[in-house]
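J.: Chains as they are written, first to last, in my numbering: chain A, 1 to 112; chain B, 113 to 225.
For the record, the hints were derived by calculation from the structure and aren't laboratory data.
Certain hints may be false.
Claimed, not checked - SDA-like cross-link-like pairs, simulated, lysine to any residue; straight-line CA separation at most 20 Å: (1) Lys220/B to Pro95/A; (2) Lys220/B to Gly42/A; (3) Lys154/B to Arg44/A; (4) Lys154/B to Pro39/A; (5) Lys157/B to Pro95/A; (6) Lys217/B to Glu100/A; (7) Lys157/B to Lys53/A; (8) Lys191/B to Ala179/B; (9) Lys154/B to Gly40/A; (10) Lys217/B to Thr86/A; (11) Lys220/B to His41/A; (12) Lys220/B to Phe172/B; (13) Lys53/A to Gly40/A.
Unchecked claim - Every beta carbon over 12 Å from chain B, so not counted as near; a handful from chain A, in silico: (14) Ser7; (15) Thr13; (16) His24; (17) Thr26; (18) Gln37; (19) Val52; (20) Lys53; (21) Asp56; (22) Asp62; (23) Ser67; (24) Glu72; (25) Thr77; (26) Gln85; (27) Glu100; (28) Gln101; (29) Thr110.
The model shown is predicted, which means the values in this text are computed figures rather than measured ones.
For glycine and all other residues, C-beta sits at the position ideal for the given N, C-alpha and C.
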Amino acid sequence: DAGITQSPRHKVTETGTPVTLRCHQTENHRYMYWYRQDPGHGLRLIHYSYGVKDTDKGEVSDGYSVSRSKTEDFLLTLESATSSQTSVYFCAISPTGDYEQYFGPGTRLTVT
Amino acid sequence: RKEVEQDPGPFNVPEGATVAFNCTYSNSASQSFFWYRQDCRKEPKLLMSVYSSGNEDGRFTAQLNRASQYISLLIRDSKLSDSATYLCAVNDPSGAGSYQLTFGKGTKLSVIP
């Protein structure tokens, strides 16, 4: 299995609070991705990174920001969590942009 | 937005059956295609890449039909352990999308004893 960890694995938070999810990889892959997965919508890309300090928006980026200060870490921040951001969040990594992606174990976030 | 479509199922098949899933994609320029398997409450795991000439891995066969813009996954001699949701993924080689995969919503397979 690819060396990807996500933390926390589960989190319950209140509406309006900031939340940061962390993705850590030991594979030294250049590309990192954040997805959310919801029933009826499948996996949707939030943000991705193609190198340290290089990030771009995905399909559902509103309400989310990201940072990548080191190759191994990609952070996803919800500045002010809303109930619509209750979801399962997956991080993925890839050695090249058009190669297969490998997923972390996911974070289940509940915003009450 | 580029589309990737899958039949959501569920496909309920008996053990030992052969089952096939299709996945259609809208961008004729796509070059990379993948099948993932996702168990309940787990992360998607790469099952196999799909090559132009088709490829086989044990009981699993993946095919690409560029003319009709779909990929397929064939599972022979189904096992109970094959029960899962199968996701297809397609890259979008245009602009910023070249770094991204678009995923289908998945097809649920239940293999019944």
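J.: Quick check: which numbered hints come out false for this structure?
T.: Hints 1, 7, 8, 13, 18, 21, 27, 28 contradicted; others consistent.
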